[in-house]
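Asks: So the chains spell out like this:
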Amino acid sequence: MIPPSFEYHRPSTVDEAVGLLSTLGSEAKILAGGHSLLPMMKLRFAQPEHLVDINRIPELKGVRVIGDDIVIGAMTSENAVIADPVLNEKVPLLPEAAKLIADPQVRNRGTIGGDIAHGDPANDHPALALACDSVLTIAGPNGTRQVPASEFFLGTYWTALEESDILTEITVKAFPSGAGYSYKKLKRKTGDWATAACAVVIALSGGTVSHIRITLTNLGPTALRAHEAESILMGQQVSDELIRQAAEKAMEICDPAEDLRGDAEYKTAMAGQMVQRAIHDALSKAR
Amino acid sequence: MAKQIVKMTLNGQQIEQLVDSRTLLVHFLREQMNLTGAHIGCETSHCGACTVDIDGESVKACTHLAVQCDGSDVKTVEGLAEAGALHAVQEAFYEEHGLQCGFCTPGMLMRSYRFLQENRNPTEDEIRLGLSGNLCRCTGYQNIVKAVQSAAIKLQQKESATA
Chain A
0 MIPPSFEYHR PSTVDEAVGL LSTLGSEAKI LAGGHSLLPM MKLRFAQPEH LVDINRIPEL
60 KGVRVIGDDI VIGAMTSENA VIADPVLNEK VPLLPEAAKL IADPQVRNRG TIGGDIAHGD
120 PANDHPALAL ACDSVLTIAG PNGTRQVPAS EFFLGTYWTA LEESDILTEI TVKAFPSGAG
180 YSYKKLKRKT GDWATAACAV VIALSGGTVS HIRITLTNLG PTALRAHEAE SILMGQQVSD
240 ELIRQAAEKA MEICDPAEDL RGDAEYKTAM AGQMVQRAIH DALSKAR
Chain B
0 MAKQIVKMTL NGQQIEQLVD SRTLLVHFLR EQMNLTGAHI GCETSHCGAC TVDIDGESVK
60 ACTHLAVQCD GSDVKTVEGL AEAGALHAVQ EAFYEEHGLQ CGFCTPGMLM RSYRFLQENR
120 NPTEDEIRLG LSGNLCRCTG YQNIVKAVQS AAIKLQQKES ATA
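Line by line, the protein sequences give chains A and B.
In terms of numbering that gives the first Met the number 0, the first sequence has 116 at position 117, counting the first letter as 1, and numbering is strictly consecutive.
In terms of numbering that gives the first Met the number 0, the second sequence has 67 at position 68, counting the first letter as 1, and numbering is strictly consecutive.
Keep in mind that the hints were calculated from the coordinates and are not lab data.
Some hints could be false.
[Unchecked claim] No more than 27 Å apart at the CA atoms, straight line, and that leaves these computed lysine-lysine pairs for DSSO-like:
| # | chain 1 | residue 1 | chain 2 | residue 2 |
| --- | --- | --- | --- | --- |
| 1 | A | Lys186 | A | Lys284 |
| 2 | B | Lys145 | A | Lys188 |
| 3 | A | Lys186 | A | Lys248 |
| 4 | B | Lys153 | B | Lys74 |
| 5 | A | Lys98 | A | Lys284 |
| 6 | B | Lys2 | A | Lys28 |
| 7 | A | Lys98 | A | Lys186 |
| 8 | A | Lys28 | B | Lys6 |
| 9 | B | Lys74 | A | Lys41 |
| 10 | B | Lys145 | A | Lys98 |
| 11 | B | Lys74 | A | Lys98 |
| 12 | A | Lys41 | B | Lys2 |
| 13 | B | Lys6 | A | Lys41 |
| 14 | B | Lys6 | A | Lys60 |
| 15 | B | Lys74 | A | Lys60 |
Model the full structure from these sequences, guided by the hints.
Replies: Below, the structure written as structure tokens:
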């Protein structure tokens, strides 16, 4: 399978890339890691006339600390996320979850920004971005703007990105001290998308829950945040019964697409299991 | 218009080629450079039979454009043996019979070659995770894992011999 013909462009700065995208318009696509776009082009699901390769833009790669903010370049690869010392110390959910994405070779190419910008509810970083209260920086023809992850995912393959925009950075805050975290992902095999997956971040203070995020992957048209499930645990002393109730609430917002991984009923049931396992695991890490 | 000049180091040789921008690296290697070691298996970045080394990282050549390798250092299984002597991973796959039909072997070798530089003394679990992007439909992986364990020891012995 060979992709259809296109013109290849390789800008070396974000400004140059935005300029190219503005000039080329709707016929242009951004090439990040390429592990979603190139397969879609092979199948003719995407047939862009121009590819703008943003792999050689140094400012888009790596992790920086700016005050309280941890700024992750959108073109930071999954393997770089896994290896990054700052992320392992301050936002350990991201490296832990990235290990569950695809396989070693694909993680060399796949990027955190590409995973988010694609808008695929099966991708893992959207739910992780919701769990980390990430803020997404977008460069466009009219300058840069910041959009919270909670306002970024609008539908399947539909995000807050406009035609000539580039997602440049993902900004996260360090987890509250002593926070526990977990990402539980049920998948059929290495490299598969989640049948159901759940991210949890939890912090305790004086024995009760002082911070909690419960988010879900591949269980609706976008990644989901289970607000009502969080409310059940917030301010409470956690018990197995409350965890079961939270999982029930999370299952209520699930609306998964049926596919070879299972029907909606099965996936929703598995969502409940992943929520319970992720909460238990996160609690075991919380201090 | 859609053709570009691409310069890269391929198995230690400087090359300069005119490449159609849509040409995937695996097709470029096999059809333009006559290096048929990297195999075309699934074409969807699952099987790993097309694994090559680009700038010190394992990459699936079926999901990478040849034009993206401009300025890169690319190594394929053809570049693994040096001066006619098999690389330690090749010796180990031969001795431990880490293959049956051989289709996945070039990818397994290239991934093992890079993996053992990322982790010089891996556990069995780490080997299985490190090679989880390479599928084999014959062996059941047992002898592949043994081969990587054996290659790790060979490389450690070589290192201590030259130290």
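Asks: Does each hint fit the structure? Answer for all of them.
Replies: To see whether the hints hold, each was checked on the structure:
1. For the hint linking lysine 186 (chain A) to lysine 284 (chain A), the alpha-carbon distance of about 23 Å falls within 27 Å, and the restraint holds.
2. Simply put, lysine 145 (chain B) and lysine 188 (chain A) have alpha-carbon atoms about 22 Å apart, close enough for the 27 Å limit, and the pair holds.
3. A C-alpha spacing of about 22 Å is found between lysine 186 (chain A) and lysine 248 (chain A), which places the hinted pair at or below 27 Å, so the restraint holds.
4. Of the pairs offered as hints, the one joining lysine 153 (chain B) and lysine 74 (chain B) holds, with about 21 Å between alpha carbons and a cut-off of 27 Å not exceeded.
5. Distance restraint check for lysine 98 (chain A) and lysine 284 (chain A): the Cα-Cα separation of roughly 18 Å lies within the 27 Å cut-off, and the hinted pair is therefore satisfied.
6. Proposed proximity of lysine 2 (chain B) and lysine 28 (chain A) is supported: the alpha carbons are some 18 Å apart, at most 27 Å.
7. Simply put, lysine 98 (chain A) and lysine 186 (chain A) have alpha-carbon atoms about 13 Å apart, close enough for the 27 Å limit, and the pair holds.
8. Of the supplied pair hints, the one linking lysine 28 (chain A) and lysine 6 (chain B) holds, its CA atoms being roughly 24 Å apart against a limit of 27 Å.
9. Distance hint between lysine 74 (chain B) and lysine 41 (chain A) is fulfilled; the C-alpha atoms sit about 25 Å from each other, no more than 27 Å.
10. Distance restraint check for lysine 145 (chain B) and lysine 98 (chain A): the Cα-Cα separation of roughly 24 Å lies within the 27 Å cut-off, and the hinted pair is therefore satisfied.
11. At roughly 25 Å between alpha-carbon atoms, lysine 74 (chain B) and lysine 98 (chain A) fall within 27 Å of each other, so this suggested pair holds.
12. Distance restraint check for lysine 41 (chain A) and lysine 2 (chain B): the Cα-Cα separation of roughly 19 Å lies within the 27 Å cut-off, and the hinted pair is therefore satisfied.
13. Annotation: proposed proximity of lysine 6 (chain B) to lysine 41 (chain A) holds, straight-line Cα distance about 25 Å (limit 27 Å).
14. For the hint linking lysine 6 (chain B) to lysine 60 (chain A), the alpha-carbon distance of about 24 Å falls within 27 Å, and the restraint holds.
15. The suggested pairing of lysine 74 (chain B) with lysine 60 (chain A) holds, with an alpha-carbon distance near 24 Å, which does not exceed 27 Å.
Violated hints for the displayed structure: none, as all numbered hints are satisfied.
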